[in-house]
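**Student:** Protein sequences appear in the order of chains A and B. Residue numbers for the first sequence follow UniProt numbering, beginning at 1 and rising by one. Residue numbers for the second sequence follow UniProt numbering, beginning at 1 and rising by one.
Derived by calculation from the structure, the hints in this document are not laboratory data. Be aware that a few hints might be false.
[Stated by the list, open to error] When the alpha-carbon atoms are kept at most 20 Å apart in a straight line, the in silico SDA-like pairs for lysine to any residue are as follows:
#: 1; chain 1: A; residue 1: K159; chain 2: B; residue 2: Y13
#: 2; chain 1: B; residue 1: K481; chain 2: B; residue 2: E496
#: 3; chain 1: B; residue 1: K481; chain 2: A; residue 2: R247
#: 4; chain 1: A; residue 1: K229; chain 2: B; residue 2: R443
#: 5; chain 1: B; residue 1: K477; chain 2: B; residue 2: S445
#: 6; chain 1: A; residue 1: K229; chain 2: B; residue 2: R442
#: 7; chain 1: A; residue 1: K159; chain 2: B; residue 2: T14
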Amino acid sequence: MAKGKPWLEPHPHGLYVKPADLWIDPSRPVERAAVTHGHADHARSGHGAVFATPETLAIMALRYGVDVEASRNQACGYGDGFERGGVRFSFHPAGHVLGSAQILMEYAGERIVITGDYKRRPDPTCAPFEVVACDIFITEATFGLPVFRHPPTSQEIAKLIGAVRAEPDRCVLVGAYALGKAQRVMAEIRAAGWDAPIYIHGAMEKMCALYAAHGVDLGELRLVGETDKADMTGQIIVAPPSALNDRWSRRLPDPVTAMASGWMRVRQRARQRMVELPLVISDHADWDELTSTISAVNPRETWITHGSEDGLLRWCELHQRNARALHLVGRDLEEEA
Amino acid sequence: MKAFAALIDRLIYTRSRNSKLALIADYLKHTPDPDRGWVIAALTESFDFPAVKSAMVRTLLATRVDEELFRLSRHFVGDTAETAALLWPEPNTPLPFRGGVGVGVAGQRDADDPTPSPSPEGEGGLTVSQAVEALSSATRATAPAILASLLDRLDADGRYALLKLALGGMRVGVSARLAKQAFAQAFDVPVDDVEELWHAIPPPYTLLFAWGEGQAERPDLADVAFFRPFMLAHPLEDATVDLADYAAEWKWDGIRVQIVHGGGQTRIYSRGGEEISAAFPELVAAFDQDAVIDGELLVRGDAQGGEAASFNALQQRLGRKTVSKKMLADYPAFVRVYDLLAVDGNDLRPLPWTERRRQLEAFVPRLADSHFDLSQVIEAADFDDLGERRAGARDAAIEGVMLKRRDAPYIAGRRAGLWYKWKRDPLTADCVMMYAQRGNGRRASFYSDYTFGCWSDDGELLPVGKAYSGFTDEELKWLDKFVRDYTVGRFGPVREVEKSLVLEVAFDSIHASKRHKSGLAMRFPRIARIRRDKPAEEADRIATLQAMVT
Numbered sequence: 001m002a003k004g005k006p007w008l009e010p011h012p013h014g015l016y017v018k019p020a021d022l023w024i025d026p027s028r029p030v031e032r033a034a035v036t037h038g039h040a041d042h043a044r045s046g047h048g049a050v051f052a053t054p055e056t057l058a059i060m061a062l063r064y065g066v067d068v069e070a071s072r073n074q075a076c077g078y079g080d081g082f083e084r085g086g087v088r089f090s091f092h093p094a095g096h097v098l099g100s101a102q103i104l105m106e107y108a109g110e111r112i113v114i115t116g117d118y119k120r121r122p123d124p125t126c127a128p129f130e131v132v133a134c135d136i137f138i139t140e141a142t143f144g145l146p147v148f149r150h151p152p153t154s155q156e157i158a159k160l161i162g163a164v165r166a167e168p169d170r171c172v173l174v175g176a177y178a179l180g181k182a183q184r185v186m187a188e189i190r191a192a193g194w195d196a197p198i199y200i201h202g203a204m205e206k207m208c209a210l211y212a213a214h215g216v217d218l219g220e221l222r223l224v225g226e227t228d229k230a231d232m233t234g235q236i237i238v239a240p241p242s243a244l245n246d247r248w249s250r251r252l253p254d255p256v257t258a259m260a261s262g263w264m265r266v267r268q269r270a271r272q273r274m275v276e277l278p279l280v281i282s283d284h285a286d287w288d289e290l291t292s293t294i295s296a297v298n299p300r301e302t303w304i305t306h307g308s309e310d311g312l313l314r315w316c317e318l319h320q321r322n323a324r325a326l327h328l329v330g331r332d333l334e335e336e337a
Numbered sequence: 001m002k003a004f005a006a007l008i009d010r011l012i013y014t015r016s017r018n019s020k021l022a023l024i025a026d027y028l029k030h031t032p033d034p035d036r037g038w039v040i041a042a043l044t045e046s047f048d049f050p051a052v053k054s055a056m057v058r059t060l061l062a063t064r065v066d067e068e069l070f071r072l073s074r075h076f077v078g079d080t081a082e083t084a085a086l087l088w089p090e091p092n093t094p095l096p097f098r099g100g101v102g103v104g105v106a107g108q109r110d111a112d113d114p115t116p117s118p119s120p121e122g123e124g125g126l127t128v129s130q131a132v133e134a135l136s137s138a139t140r141a142t143a144p145a146i147l148a149s150l151l152d153r154l155d156a157d158g159r160y161a162l163l164k165l166a167l168g169g170m171r172v173g174v175s176a177r178l179a180k181q182a183f184a185q186a187f188d189v190p191v192d193d194v195e196e197l198w199h200a201i202p203p204p205y206t207l208l209f210a211w212g213e214g215q216a217e218r219p220d221l222a223d224v225a226f227f228r229p230f231m232l233a234h235p236l237e238d239a240t241v242d243l244a245d246y247a248a249e250w251k252w253d254g255i256r257v258q259i260v261h262g263g264g265q266t267r268i269y270s271r272g273g274e275e276i277s278a279a280f281p282e283l284v285a286a287f288d289q290d291a292v293i294d295g296e297l298l299v300r301g302d303a304q305g306g307e308a309a310s311f312n313a314l315q316q317r318l319g320r321k322t323v324s325k326k327m328l329a330d331y332p333a334f335v336r337v338y339d340l341l342a343v344d345g346n347d348l349r350p351l352p353w354t355e356r357r358r359q360l361e362a363f364v365p366r367l368a369d370s371h372f373d374l375s376q377v378i379e380a381a382d383f384d385d386l387g388e389r390r391a392g393a394r395d396a397a398i399e400g401v402m403l404k405r406r407d408a409p410y411i412a413g414r415r416a417g418l419w420y421k422w423k424r425d426p427l428t429a430d431c432v433m434m435y436a437q438r439g440n441g442r443r444a445s446f447y448s449d450y451t452f453g454c455w456s457d458d459g460e461l462l463p464v465g466k467a468y469s470g471f472t473d474e475e476l477k478w479l480d481k482f483v484r485d486y487t488v489g490r491f492g493p494v495r496e497v498e499k500s501l502v503l504e505v506a507f508d509s510i511h512a513s514k515r516h517k518s519g520l521a522m523r524f525p526r527i528a529r530i531r532r533d534k535p536a537e538e539a540d541r542i543a544t545l546q547a548m549v550t
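Modelling step: build the complete structure from the supplied sequences, incorporating the hints.
**Tutor:** Listed below in structure tokens is the structure:
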């Protein structure tokens, strides 16, 4: 046990692994970074060397032009890892988006797991979360309030398909974050039997292709920009949330505005977003997932990185669990939840 | 409960009026009595359960959920009913990967209360009317247990619907008028008939539905203080009328009301047919004659020497469920009576205006002159003379002139050629666009709501109003593009624009207001013209607007 001489230091812009001189998910450029997944609040450009899963590196290459082939970057598949400065790092599935990983660090007999973002529900586009035993469990808390209980995904997908069929003269425009949520929604509607082409916003094209290249079958996708308005009646359109009420949407036939996000659980939130069809679909653990995961991992200490820390801290207190909030900055990607 | 929960969920997210109408009409057609009646009463806030209040719900929640977690959640959600609905522990609902201890918020419950939750009796088990029945039988002492047992039988959406039903404050954008129109649409009956019958039949309106579905005669309205739909006016626009055919009265800037006394009751209805008696108890008490009048509700202002004050003063009295003594003293209400619709059991509506007016003049002295006076007919020589009087009217509470066809009966709605409103020419000011926000519904992708300002003496631009109408579709496209091209700052949904575009804003009147930094508030501001030709420095000054204050 290295208690008393902390080898992992929380800083506002990331977690610093001292013996390895390496940062985890730093929010500013550093010499050496291990990255849990490709979302912008965890993966930034400009690092010297990046350690991540092959999928996350591919995503970073697409988004920031990170050179995957460069020898300084290291790809680690699930279960694999590397050793540096006496710290053994390994990557384990987090179930959040394609390539997302928890990072396990072992040093001086102590095990620390940082989850990055994660969820426990099945997701056809990525490997499921694995419970990894540890002493210190560093968890996210995006939905760390008991009001957040995501309904079964199939129920929300049925709502979406029902809405398309109910108004065949319109179309349903689903706002979904361009990395992860969008592909998951597409994969879920395919699983529910929707085999018509799915129309997408141009900004999603490359990421969808990347998913397909990694074996996630999204079926036939067409670009809205290359389709006549009339051909999209009765169809499903997927676009980034920022495009929902923007000029771009005027090219669609009378869209029903839907939004896939865990925030949609709260009615007034959905109303503020001018959403007609809220779909409670999230890539983050809901309250029950967060609390049951802490129980299952059963760590000596729980550290909470970002989100509604207060709610999860209170739960830990009620359950006599040691916990602390880390107050990291720049972890606020509302659109993605 | 399930259908009701689905209905309010749809209504929350539906912004178009026609879609709301269709949703409610469909629900009314396909839901049995008495549920549909209770639901429509709930949507229009027509009943109240005195034993169930939000403080009680909070106390009840504290028995099931940690108080700190409730407080944090309430803070995030912003609504007690919704927070409670989401937090209430789900009895025996399997979660996809329930595992380990302490799943859910049942933390304290696990520790303190080993008894398992009762299993839900299924959605089919609880109807809206059962819930209404249970809640109305509740006393302060029994209410928590009753509410708890109902919540245990519902899922999160059902709990939300139940709590909104119990606490009111539905916030789904359904007015009484809209509900009545939905009823008329559902059963293909005239909306005027629905309006008349509505307040005569108590919830759950079973007789009303029986009549709507053609299974019963029109209910008899003798001895009931029921609402008569208002006769409304068209704008005169550029037309002229012959004063031999039309009588002229001042159009007062208050709220149009109908006061009905019948069956021992006095009720005050607003133009939309909503009952507002509770907000004006002094008028209810003072109206003791068996009659129905149509008039303008105004408040007296000191500045006006006890005469009618501006709409601004009246606003202090609107929308209240109870009224303090101070309110009654500071803003005394009275009604300037326009018309007599019924008196001593006789319906006068079929009679021509001249005959109703004769009877009205004879009737008004029967009312207390402290609270009721007669709207005077303007004695103008001809139309031009009337125009001059209209232009010269400076009274703060005068909005323009009404022209009523002398031989016309009192007919519900807006019928061509019978009544005209001839508003005073609007005031205008050249203002500078400062901020813009997106609109709703069809306009959701357009920046269509504009905040504009005028120059202070120090050369600072201060907001004086906000407008979202008055422009054509073409102008809207242009304005939208202007906002996007000239954005200089973003604050959430609000865009700040370069202060370079002059908008000519028309408004009915302007008042002193503490709410805005400029100290001014406009009534009915709208965009009259886009003044691309005018440099922003030449827009009006605050001082110019202050001179227009009434």
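**Student:** Hint by hint, work out which the structure violates, then give me just those numbers in ascending order.
**Tutor:** Nothing - there is no hint that the structure violates, so all of them hold.
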